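Asks: So you can see what is in the structure, the chains are spelled out below.
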Amino acid sequence: MNRASWNLWRAQVAAILRLEIKKNFLARRGIWIYLLALAPAVLMWVHAAMNLRDHRVCDLGRDNLIFATMFQFFYLRLAVFFGCVGVFLNLFRGEMLEKSLHYYLLTPVRREVLLAGKYLAGVITTSVIFSAGTALTLAAILIHVPRATASQYLFAGGGVGHIVAYLGTTILACIGYGGVFLLMGFLFRNPVIPAALVLIWESANPFLPALLKKLSVIFYLQSLSPISVPAQGDFAFLAILGEPAPAYLAVTGLLLVACVCLWFAARKVRQLEINYGTE
Amino acid sequence: MSEHEITFENVSKFYGDVLGVNRVNLSIPPGITSLVGPNGSGKTTLMNLMTGLLRPTEGRIRVLGVAPDQPERLFQFTGYCMQFDSFPRGMTGYQFIYSYLRLHGKPHEEVESLTWSAIERVKLTDAAHRKIAGYSKGMRQRIKLAQAIAHAPRVLVLDEPLNGLDPLVRAETIALFRSLAEEGLHVIISSHILHEVDAISDQVVLLSSGYVVAEGQIHGVRTEVEEHPMQILIRCTRPSALASRIFELDTVVEARLHNDGKGLLVRTRDPDRFYLMLNRLVVDGVDLESVAPADDDVLSVYEYLIGPDGGSI
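Line by line, the protein sequences are chains F and L.
For the first sequence, the tail end lands on 326 under the working numbering, and the numbers increase by one without skipping.
For the second sequence, the tail end lands on 420 under the working numbering, and the numbers increase by one without skipping.
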């Protein structure tokens, strides 16, 4: 790979990003993704507004735990999961259905570069949407806490670290699930089947043997969550994680899962044929 | 040789058990080449194969020496206007051409200039900043054409490019194809409109049920259809007198008076010899006005080789 090729690929990826990001953010069929991403924030802001109206003092510890539970059991497992289904499965499949993918394939772009550009666009889109959802929810918690308590939590109680960990985990979730669903988009025509299969696999994670646990995205994501949810109550069965992976291993594992999926997807995209009649 | 031609070597394409094209051997030189055949004959499959949108089940394809599975090289010099009337959502004509041209890795100024040049060439300057969704069928067809020619390709593949165009624009578009061919481009066209194919093609490829039935310059193809003797229309005075002399030639298999009574339709197995002999046959009092082949065209060749019911033509 020489410098000229690298510069060309960079310019081509930038051109793909310009096309894809606008399309991803403004797609009408993607409105439900915004709703999923903002649902916890809306709930938390309503909760904050009611507390402020009634002059109730917020229990930061309790709200943090509620957020941790919501983050692990709703946000990562369902919101980010289905958001990535909606974005990444449609990167190629959606354009096949709209009969417009050929415009990309008729340009002097290596198929692998096209794949990388589209994947990157998907990661940027989902990361921005879901990180914004996470940040807005955390803001709602902090807004109705007395300023001194909030400062204490942020700068002496590890709050900044928690926020970075939540945002980082959200982005890693988009990277991991993005890779999985990009590949699934090549393997299946009907997106419901791969989404259901992956959802079952991810949900069964707490009950899997230690080795199989590591072949899922949620295992690494839960390992990265800054506040662990106690194994009690309605979600107890989901909280059983066994031995969580260390952070460095969790990040590496997630990136590895994404890379393996991208490698297989690159093989598939190289063989991709346009035959709209059969779609 | 293959550096200057598009070659198919024993190419077959099957969609599962369904035949797309079978054992195609072709060599397409510069100029306008028309792919002619009924629906399902394999025209679009051939075009998709040569642009890498499909992969051959067997055989080898080279476009000016480049394999179609190398898009990064192929589409530096190839443009393809597909038949599908579909576009990325929400784009104006200008954005459509500009955005995909940026994928060539060229800088903004050059891409902008190429974009306007292509838009002007298809006469859509006034509508360039309107959404494609609001274009008429003919305008959509033209903006697709502009997209295919925007990077100044040496090979231009056009699947049903005249569909939806009104007669005036159709004539202008055909003139554009001619000028591109005169610039040395390979222009490969599929069309159902045979008289237009006849008027613009330098060579034709006749397809039926996935097989190449005939290829080459239309006159050469017609000459090879030996089971149908060439038909020649002679416009003259006293055609019946001429007919009686013409029957003396052993190359003539049929001669009949034209419906309007002002000419003679002759069928001959050796038209070159017939033309040589004709002057000697002309009798006193018969004035020849014109002599011209009557079935030396794509429509006739198509009917002879594929049949009048060969599809939706």
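Worth flagging that the hints you see were computed from the coordinates, not collected in a lab.
Source: prediction; values computed, not measured.
It is possible that some hints are incorrect.
Stated by the list, open to error - Examples of chain F residues toward chain L, derived with CB under 10 Å:
#: 1; residue: R57
#: 2; residue: Y150
#: 3; residue: L161
#: 4; residue: L246
#: 5; residue: I247
#: 6; residue: Q318
#: 7; residue: Y323
Unchecked claim - Only pairs whose alpha carbons sit at most 25 Å apart, straight line, appear in this in silico SDA-like list of lysine to any residue:
#: 8; chain 1: F; residue 1: K69; chain 2: F; residue 2: I171
#: 9; chain 1: F; residue 1: K146; chain 2: L; residue 2: D357
#: 10; chain 1: F; residue 1: K69; chain 2: L; residue 2: H215
#: 11; chain 1: L; residue 1: K213; chain 2: F; residue 2: K261
#: 12; chain 1: L; residue 1: K238; chain 2: L; residue 2: R169
#: 13; chain 1: F; residue 1: K70; chain 2: L; residue 2: R237
#: 14; chain 1: F; residue 1: K70; chain 2: L; residue 2: H236
#: 15; chain 1: F; residue 1: K261; chain 2: F; residue 2: S174
#: 16; chain 1: L; residue 1: K213; chain 2: F; residue 2: N54
#: 17; chain 1: F; residue 1: K69; chain 2: L; residue 2: K213
#: 18; chain 1: L; residue 1: K213; chain 2: F; residue 2: I68
#: 19; chain 1: F; residue 1: K70; chain 2: F; residue 2: S174
#: 20; chain 1: F; residue 1: K69; chain 2: F; residue 2: M143
#: 21; chain 1: F; residue 1: K261; chain 2: F; residue 2: S272
#: 22; chain 1: L; residue 1: K238; chain 2: F; residue 2: I78
#: 23; chain 1: F; residue 1: K70; chain 2: L; residue 2: G147
#: 24; chain 1: F; residue 1: K70; chain 2: L; residue 2: G271
#: 25; chain 1: F; residue 1: K70; chain 2: F; residue 2: F120
#: 26; chain 1: F; residue 1: K70; chain 2: F; residue 2: A86
#: 27; chain 1: F; residue 1: K146; chain 2: L; residue 2: Q190
#: 28; chain 1: F; residue 1: K146; chain 2: L; residue 2: D192
#: 29; chain 1: F; residue 1: K146; chain 2: L; residue 2: R196
#: 30; chain 1: F; residue 1: K70; chain 2: F; residue 2: S272
#: 31; chain 1: F; residue 1: K146; chain 2: L; residue 2: H236
#: 32; chain 1: L; residue 1: K244; chain 2: L; residue 2: G147
Don't be surprised by glycine CBs; every beta carbon is placed ideally from N, CA and C.
Asks: Does the structure keep K146 of chain F and D357 of chain L at a Cα separation of 25 Å or less?
Replies: Violated - the C-alpha atoms of D357 of chain L and K146 of chain F are around 59 Å apart, more than 25 Å.
Asks: Does the nearest C-beta of chain L fall within a distance shorter than 10 Å of the C-beta of R57 of chain F?
Replies: 9 Å, holds
Asks: Quick one, are K69 of chain F and I171 of chain F close enough, alpha carbons at most 25 Å?
Replies: Status holds; Cα separation ~11 Å.
Asks: For the restraint on L161 of chain F, tell me whether the closest CB of chain L is nearer than 10 Å.
Replies: Cβ of L161 of chain F sits 9 Å from chain L, so the hint holds.
Asks: Quickly compare the C-alpha distance for K244 of chain L and G147 of chain L to 25 Å and report which way the hint goes.
Replies: Between K244 of chain L and G147 of chain L the Cα gap is close to 24 Å, so the pair holds against 25 Å.
Asks: Just to be careful, I want the Cα atoms of K146 of chain F and R196 of chain L compared with a cutoff of 25 Å; is the pair within it?
Replies: Measuring from Cα to Cα gives roughly 11 Å; hence the hint holds.
Asks: Regarding the pair K69 of chain F and H215 of chain L, is the alpha-carbon distance no greater than 25 Å?
Replies: Since the Cα atoms of K69 of chain F and H215 of chain L sit roughly 18 Å apart, the hinted pair holds (cutoff 25 Å).
Asks: Within 25 Å, alpha carbon to alpha carbon, are K213 of chain L and K261 of chain F?
Replies: 44 Å, violated
Asks: Is the straight-line distance between the alpha-carbon of K70 of chain F and that of H236 of chain L 25 Å or less?
Replies: Holds - the C-alpha atoms of H236 of chain L and K70 of chain F are around 18 Å apart, at most 25 Å.
Asks: For the pair supplied as a hint, K70 of chain F and F120 of chain F, confirm whether the alpha-carbon distance does not exceed 25 Å.
Replies: At roughly 29 Å apart (the allowed maximum being 25 Å), F120 of chain F and K70 of chain F break the hint.
Asks: Hint validation: Q318 of chain F versus chain L, beta carbon distance must be below 10 Å. Holds or violated?
Replies: Given a least distance of 7 Å, the restraint on Q318 of chain F holds.
Asks: Is the Cα-Cα distance between K146 of chain F and Q190 of chain L 25 Å or less?
Replies: It holds: about 11 Å lies between the C-alpha atoms, which stays within 25 Å.
Figure legend: structure checked against the earlier numbered hints; hints not met, in rising order: 4, 5, 9, 11, 12, 23, 24, 25 and 30.
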